[in-house]
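Q: One-letter residues, chain by chain:
Number of protein chains: 2
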Amino acid sequence: MRHPLDYFLNPASVAVIGASTVPHKAGGRRWRSLVEAGFPGPLYPIHPGAKEILGHRAYPSLHDVPDPVELAVVLVRTELVPAAIADCVALKVPAIVVITAGFGETGPEGRRLEEEMTRTVRAAGSRLIGPNCAGLFSASGGVNVLGWGAPAGPIALVSQSGNVALTFVQFAREKGLGFSRLITVGNAADLRLPEYADYLLTDPETRAIVMYLEGFQPGEGRALYELLRGRSAAKPIIVLKPGKTEGGRRAALSHTGALAGEDRIVDAALRQAGILRVSEAEEAWDVAIAVASLPPMRTGSVVVVSDGGGHATIVCDAANRLGLAVPCLSEATRTALGKLLPARSAVINPVDFAGLAEEEPEVIPRVLDVCLGDASLGGVILAGHFGGYVKIATEELGRREVAAAAEIAEVVRRHGKPLVVHTIYGGERLPALEVLRGAGIPVYRSLEASAKALAGAWRWACARRPTASPARRSRPDRSRVASVLARAQVQAGGVLLEPDARELLALYGLPVPPFRVAATPEEAARAAEELGGEVALKLVGQGVVHKTEIGGVLLDVAGALASRAGFKTLGDRAEAAGVTDARVLVTPMIAGGVEVVVGLLRDPQFGAVVMFGLGGVLVEALEDVVFRLAPLDADEARAMIGEIRGVRLLRGFRGRPPVDVAAAVDLVVRVSELAADWPEIAEVDVNPVFLLPQAAAVADARVVVAIG
Amino acid sequence: MRHPLDYFLNPASVAVIGASTVPHKAGGRRWRSLVEAGFPGPLYPIHPGAKEILGHRAYPSLHDVPDPVELAVVLVRTELVPAAIADCVALKVPAIVVITAGFGETGPEGRRLEEEMTRTVRAAGSRLIGPNCAGLFSASGGVNVLGWGAPAGPIALVSQSGNVALTFVQFAREKGLGFSRLITVGNAADLRLPEYADYLLTDPETRAIVMYLEGFQPGEGRALYELLRGRSAAKPIIVLKPGKTEGGRRAALSHTGALAGEDRIVDAALRQAGILRVSEAEEAWDVAIAVASLPPMRTGSVVVVSDGGGHATIVCDAANRLGLAVPCLSEATRTALGKLLPARSAVINPVDFAGLAEEEPEVIPRVLDVCLGDASLGGVILAGHFGGYVKIATEELGRREVAAAAEIAEVVRRHGKPLVVHTIYGGERLPALEVLRGAGIPVYRSLEASAKALAGAWRWACARRPTASPARRSRPDRSRVASVLARAQVQAGGVLLEPDARELLALYGLPVPPFRVAATPEEAARAAEELGGEVALKLVGQGVVHKTEIGGVLLDVAGALASRAGFKTLGDRAEAAGVTDARVLVTPMIAGGVEVVVGLLRDPQFGAVVMFGLGGVLVEALEDVVFRLAPLDADEARAMIGEIRGVRLLRGFRGRPPVDVAAAVDLVVRVSELAADWPEIAEVDVNPVFLLPQAAAVADARVVVAIG
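Chains as they are written, first to last, in the numbering used here: chain A, 49 to 756; chain B, 49 to 756.
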């Protein structure tokens, strides 16, 4: 079956409803860009009066077109759109792009119109891009209704903003690598991100995908994530997504009406999905060029080769900061480089031509050959002013520089390893640079961009996409879990009583210490005796949500006598707080180790999210927590735990023994399974968990169930 | 008296020793750039055989030049440099630039040669730039011995790398604002950063200073800092300084032999000095253009005006992240904007032209007039594709666009507030953009760069330079301090015994709780009685450096009896550890509050540095500390304390009361004064200090004195 997007990107025929005879109007510009895109099939301008536009016969209505239309582009005035859609639907046009604005982005009435239009289109088995979009471009399909030219190339762009798409087109013009497909989604009334990703991931014309996103519609982030699960061999996706801050979010909201979301969750989810998130527009394009062009990177160790110290310093610094290693070169490599370079050249890493390359450019491919031949190195950054040596020397040297570029391309091809080039002349179309670009070697005009590009290639090599079904750890008795959860229905706010929460977590194999629930002082005393040692007494009762606020917790209670007294104390406090069914949970005190928190929440965009971090009152103030989508496997949980700032506390610190990180991993995985199994669980807060040298112990837990 | 640098930048005559007749050789290129720079006085090429070079009569030796030479540029082979220097010195040339390499950067022998050359030059009363530099440029002086052209403008550059200087020249060519002076310092054998800064800060040709630094020589960072103290009305200085990471540092070390230093201290010192540090080369230039061109910014609230949503989202996001506010506009401003813009336009902030500006560019100056007229707003970012409207429309619209640019310039001039412009065509020389640039309105091709530029202007407006003599807090008895410090001379490693450290800190007015030093169990018992409550017992003795390691601390000791027993316990432990002069410090236990650390260290580049952070074992693992150069005033100390990540702990958290931050401020200021007063104090570690709701209390302290 043909993918719905294929009718948009490779249509057999195209009609433009609202094509204009006035060249600089939107309908004129877009018609021109379509005509000039070299579309191989028939093109039909729909215009109330014109006989022809730019050599194509015009028709007063879609109904007058003699043959079937596969793609209809609508850019008539807002009030005329419903009639245009009706025509498309009547004629079974499978793909409709509505460029016209004035719908969901304007308010409730616009939203209603948009929903109606979407229903009409889908009921007819057609699909819709837009409304309020800037059109699309397909290089191999010969389609361009953007109204501006776009260079062809291997990069697909999906953009929630037309103007940002134009920004990328400008980058493509300046940097010389272009688009396979370019889709502006506008209000995204029908087709959604996962469908675009699904098509582009298998599109033979596309080697890398760039997405500009302002937000995800409810569930959309999760759907994209699920799509990518298990597609470990898929293409790189680079996402530029602002909205991290209040101002950015307001702008985003007013634009697409999409949720901007808690940025830390977005960040975790994208990383977990193996998506490369970038923070600036130009970086998105620079990284896309790299991952679309370069061979795979096998290690993160790189060598920086430059014309002189300052450039090398900046590039090494940036590379290191971005997660690449710039190691000292091996004795063998240094010896080999020493034979090619003058004594004044540094050969440790960075490698410095010390002025030789601009007199003898032939040395560059030789040096690169040595560097790329070193099996311990994953790639090379060449920095300086290559391509512009000709500017400070003779034309003869310019010819030698171009020949050196061809040699460089050949060396790189032979080794099959990434080379990226920085040159201060990277913004110019110099002959030697064109040779490099033609051979798929990315060239950058910014020092830091060259490092970001190679670091992006390494990030992509390391990107780990979640497996579709991670190995399960918990084997809960589902009927017992269901009956525990059912009890929550009668609790205020859906909060489970602590004994129930403990039972639930224990059913999932969490390390819940033994506990008893005492209804009388005598039971409390007996429980303390049975459990031995010091105990904690915790008030249990309907409506006791924040135990500590009413003094409902007694710690370090030693022995039966004290427990009996403690029960009475808590009973009095319960009575004062109006609690009528007071009981007391008795459980051994836990001491030592490191307090952590494991949590679960439901994000409107990404669904179940687990949290891990330092617990306890002091460190909690530091908000040292990390997030992941659930469920996850042990490797992902281990990576997650390793990301907290205070990770040193877990590894032993100042003579303290290291704690049981494996137990923490297990705990996170099990909570993530709980989340996946029971959608009605809205929140879990296991806080604190004591991580001890050989075990973990849950000291308190809170489970909130969505009340049906 | 003429500043020594003035002979370099405004010389009356220039000789080039090693000028070449071969155009593409270093000596030929540099001679040509000098000739083409339009130097108004006599130029003398020194060449063994040539009669003239590029129309200037050549001389075989400097001694043959008929008139005095003020600036001599040396670029002969390394082995010929000493003779050239000897000629310069003999002829009393006041300014000598040595471009030739092969000196300090090559090793001990080169370093020896370089030191000898420097001594010779200075003994003659001359000054030296280089060796191993790329030359210099002075626009108003008509001097250019770089060998490449450089555009003139208001920005001065001091660079520790010639290649990085060339990078900035390329940015200047692309972006259209240039250099007043450009100096590459090479090995900086003689003239140092503070001298360059001193000259450029009062140079009428210079409006902003950019420095590319790889490191500071010992004391150089401090000297630059001292120079800037109290010069609060001085010019903006922008510093690009890599070397934050291992690889970058290795490159830096191999290049200039300068210390790269602990980056957090560098960062704190630069900020404290009111220097704007940037992290990327292009950012340095983009910010320099902004601070050199824009009128002062009076508030950090800005409005973003754009052609459409996506650009605004990205710019708002970046602006917010960089410390600018993007507030909702006032009712009055929104009403005024609503009269200019169509109903579909957003006017909250960002403001959206929604397609109007590209049809009626006249609306732009009107919208800017409203925004700049709002007193609550400090500046405007205009984002989109201004300047390129002409590309999608008619030539007539192009003319209107240019007229709108002139109107924009007029509106901006009238309001005297900053406007920065982003346009995707910012890399091109389009007519409307040239009008803006000509009026001093910075234009950027990158969205994020426009935000960084305006944020840079705001950072500069907020930059607070330290006052030369901050108000003093401590009034110590200097003779008593001296006698305490003298006692350290007999201690291993110069570590003061704790009673001495406490006495010293108390002399500086630090909140040291009462204590007694007991030599017998009976004295310990009496001390505990006198002090009352629970006490801490701490072993004191020669060689007891790490008390806790030998069990030398007992906490929560209650009463005389327990104190007597405690003394014996500590005595036994001291004996076991071979301590022969054991005594015991008795002091009340402190409880509650937040544990912090106040420290002092000596940095080789920046001198005395104070540290503040969270103390205690858990939070210490998180390395939540900040640094400042000492001495500092209370405002600076307050700012410093506010920068720790865990600052919420100080402000009250989870029902705990806020602690006495004023006491912490006082403590930091007093330690900084101690540091400034006594250079022989190498290290202080007051850790922990308990910050309580109404006071602070020092619980432990360590003072290390450099042993003379």
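Hints may contain errors.
Note that the list lumps identical chains together, so a pair holds whenever it fits in one copy or between two copies.
In silico BS3-like pairs for lysine-lysine, Cα to Cα no more than 27 Å straight-line [as the list claims (entries may be wrong)]:
{"hint": "1", "residue 1": "K439", "residue 2": "K283"}
{"hint": "2", "residue 1": "K439", "residue 2": "K73"}
{"hint": "3", "residue 1": "K283", "residue 2": "K99"}
{"hint": "4", "residue 1": "K387", "residue 2": "K616"}
{"hint": "5", "residue 1": "K73", "residue 2": "K387"}
{"hint": "6", "residue 1": "K140", "residue 2": "K595"}
{"hint": "7", "residue 1": "K140", "residue 2": "K99"}
{"hint": "8", "residue 1": "K616", "residue 2": "K283"}
No wet-lab data here; the hints were simulated from the structure. These numbers come from a predicted model, not from an experiment.
Q: Hint by hint, say whether it matches the structure.
A: Each hint, compared with the structure:
Taking CA atoms no more than 27 Å apart as the test, K439 paired with K283 passes in neither setting, with 39 Å inside one copy and 35 Å between copies. For the identical chains of this complex, K439 and K73 are inter-copy neighbours only, at 12 Å across copies versus 43 Å inside a copy, given an alpha-carbon limit of 27 Å. For a Cα distance limit of 27 Å, the shortest separation of K283 from K99 qualifies neither inside one copy, at 46 Å, nor across copies, at 66 Å. In the homo-oligomer, the alpha carbons of K387 and K616 never lie at most 27 Å apart, since the shortest distance is 87 Å inside one protomer and 71 Å across protomers.
With identical chains, the CA atoms of K73 and K387 are at most 27 Å apart between copies only, with a shortest distance of 25 Å across copies and 64 Å within one. Proximity of K140 to K595 under the C-alpha cut-off of 27 Å is found in neither arrangement, the shortest distances being 64 Å within a copy and 86 Å between copies. Taking the shortest alpha-carbon separations for K140 and K99, only the intra-copy value of 25 Å comes in at or below 27 Å, while the best inter-copy value is 87 Å. Taking the shortest Cα distances, K616 and K283 never come within 27 Å of each other, neither inside one copy (65 Å) nor across copies (72 Å).
Hint check: violations occur at hints 1, 3, 4, 6, 8; the rest are consistent with the structure.
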